[in-house]
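Sequences are here, hints too, so could you generate the full structure?
For the protein sequence lines, the chains are P and G, in the order given.
Just so we're aligned: 49 in my numbering is position 49 of the first sequence, and the numbers increase by one with no gaps anywhere.
Just so we're aligned: 80 in my numbering is position 80 of the second sequence, and the numbers increase by one with no gaps anywhere.
It is worth saying that the hints were derived from the structure and are not from the lab.
Honestly, I wouldn't trust all of these hints.
Unchecked claim - Facing chain G, from chain P, some residues (calculated, C-beta under 8 Å):
| # | residue |
| --- | --- |
| 1 | S26 |
| 2 | A32 |
| 3 | K37 |
Positions of the beta carbon are idealized from the N, C-alpha and C atoms, including for glycine.
Each chain, written out:
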Amino acid sequence: MKNRLKVLRAERNWSQGELAEKLGVSRQSVNAVETGKYDPSLPLAFRISAVFDLAIEDIFIRD
Amino acid sequence: MTMKRDEQHPGFPWATVLWGVVFFAGMIGTGLLIRFTQLVPAPWSMALMLLPMLALVPMSRAYARQSDSTACASPAARRYNTRLITLSFAYVFGLMVAMYFYREKEVTDGLAAALLALLPAIPTLGMIWAMARYVLEEQDEYLRARMVRAAMMATGLLLSIATFWGFMELFGVLPHVEAWWAFPTWAIALGLSQFWNKVREQ
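Below you can see the structure in the form of structure tokens.
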């Protein structure tokens, strides 16, 4: 699934590690989600949405 | 917009690989030394195998350091490493004691022999338990999914090898292989699967 994580993260000047810390996951997880190699579970998607203060559909793009 | 340093892939884990090489070279070297020289009498020869195993300690420390710096390991992964190393020592020690009594003291009586066989078997079962605990304790869904995927691949590989070998053996093409090989084969297959997944991720 495509997403805007990299851009959103860059806008806030957060590193992958910093975002990982805010989400309580590993940096690898952030990398895997960001590059579209892993689709997060619904709970993690909601955590991502809360961290960016955006709706899920503003972060993840339907194929 | 500037991206920070940790965007890049973490560096190659030289220290971990180096200690891994030391471990394998030590194990093979000590094995050959025991096999082809009579310098160290049994049961001390088996105790000698514990020496190269000490390399596992700095190896896991180096891995944890690398993992911390890239925030890739979780507390569950660290517990898993500690458990596996402890159980590996228990396995070598158990095997050493069991082989000594089996060969030198000729303990071959049913119950006593069964108890001896349990000495290396129990730590091995412990390793399987440690893997199950890891999957249960891992809070990071991606790391957990990665482990589960690698374990499924390893299971497929083991079942394929066992089926192939079993029929080859039945028709007298390949020699008999003892059943305890199942776990080391699965563990090697797990390592290969994890490596393959890592390559695919990059």
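Results of checking the hints against the structure:
1. S26: Because about 5 Å separates S26 of chain P from the closest Cβ in chain G, which is inside the 8 Å limit, the hint holds.
2. A32: Result: holds, 5 Å to nearest chain G Cβ.
3. K37: Status holds, d = 6 Å.
Checked against the numbered hints given earlier, this structure breaks none of them.
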